[in-house]
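Take the given structure of chain A and dock chain B to it, following the hints.
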Amino acid sequence: MTPSDLPLWAAWTIVAVTICGSLLALVGSAGLVVLKRFYERVHAPTLGATLGMALIVVASVVFWSMTEGRLALRDLLIGVFLTVTTPVTLILLARAAVYRDRVEGDDHIPPE
Amino acid sequence: MTASAVLYWGLGAAQAMLLLAMLLAAWRMMRGPRAQDRVLGLDTLYLNAMLLILVQGMRSGVGLYFEAALIIGMLGFTATVALAKFLMRGEVIE
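These protein sequence lines are chains A and B, in that order.
Numbered according to the numbering used here, the first sequence terminates at residue 112, and the numbering increases by one at each position without gaps.
Numbered according to the numbering used here, the second sequence terminates at residue 94, and the numbering increases by one at each position without gaps.
These aren't lab readings, by the way, just hints derived from the structure by calculation.
Hints should not be assumed to be uniformly reliable.
Stated by the list, open to error - Listed next, the stretches of chain B that the computed footprint assigns to chain A, with coverage defined by at least 3 CB atoms under 8 Å from CB atoms of chain A:
1. 2-8
2. 12-23
3. 30-44
4. 52-62
5. 66-73
Nothing here was measured: the structure is a model prediction, and the numbers come from that model.
Note that CB positions come from ideal geometry on N, CA and C, so glycine has one too.
Here chain A stands alone, though its shape is the one from the complex (with noise of 0.2 Å):
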């Protein structure tokens, strides 16, 4: 089957999750730059990264099992990957960023 082949209602179903998903992924984004401090903004890009991601992927693997006609799940690898690396890079930035306020002596970063 190929793509121009699909049902009507699964190409709607996959737009419509792949549009949530990247909806997400916008608002994660407007928060990295409308949010004022570090400590607040370290947070914003986790919504893309987390259900962003996992509806994006969702809606790949659906289309390609149905392009594809047999079950499709290599997309889920990214998923997998993602879920796994997100928190360790934004818990090492965090301690980074911490860090250095710290040694230049800054009052406002988050109690121990």
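Chain B in isolation, oriented as in the chain A frame:
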């Protein structure tokens, strides 16, 4: 509307949103004000680019985009970890 038209325009709208998200992340990366803000902006930029390529794979029906998205996701993780370590220690490999 046929299924291919729905996919073309709907996934195109999703790509426009992801592109806007990339622009916002790039603004934070260039604006700063501090190095950790720039690293956070770069991480978000990587993530949104990966999602954009994943959607492009669905939109064009070419399966090869999956590999590109996977590699970008892995490189983004490595880059952010290395940069966070650099911010903390001043060097990546001790």
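Hint by hint, here is what the structure shows:
For the stretch 2-8 of chain B, the assignment as covered by chain A holds, since 5 residues bring a beta-carbon within under 8 Å of that chain's beta-carbons and 3 suffice. By the rule of at least three residues with a Cβ nearer than 8 Å to a Cβ of chain A, the coverage given for the stretch 12-23 of chain B holds, with 8 such residues. With 9 residues carrying a beta carbon less than 8 Å from a beta carbon of chain A, the stretch 30-44 of chain B meets the three-residue requirement, and the given coverage holds. Proximity of the stretch 52-62 of chain B to chain A, defined as three or more residues with a beta carbon under 8 Å from a beta carbon of that chain, is established by the 5 residues found.
Using a Cβ-Cβ cut-off of 8 Å, 4 residues of the stretch 66-73 of chain B lie near chain A, which meets the minimum of three, so the contact claim holds.
Comparing the model with each numbered hint stated earlier shows that all of them hold.
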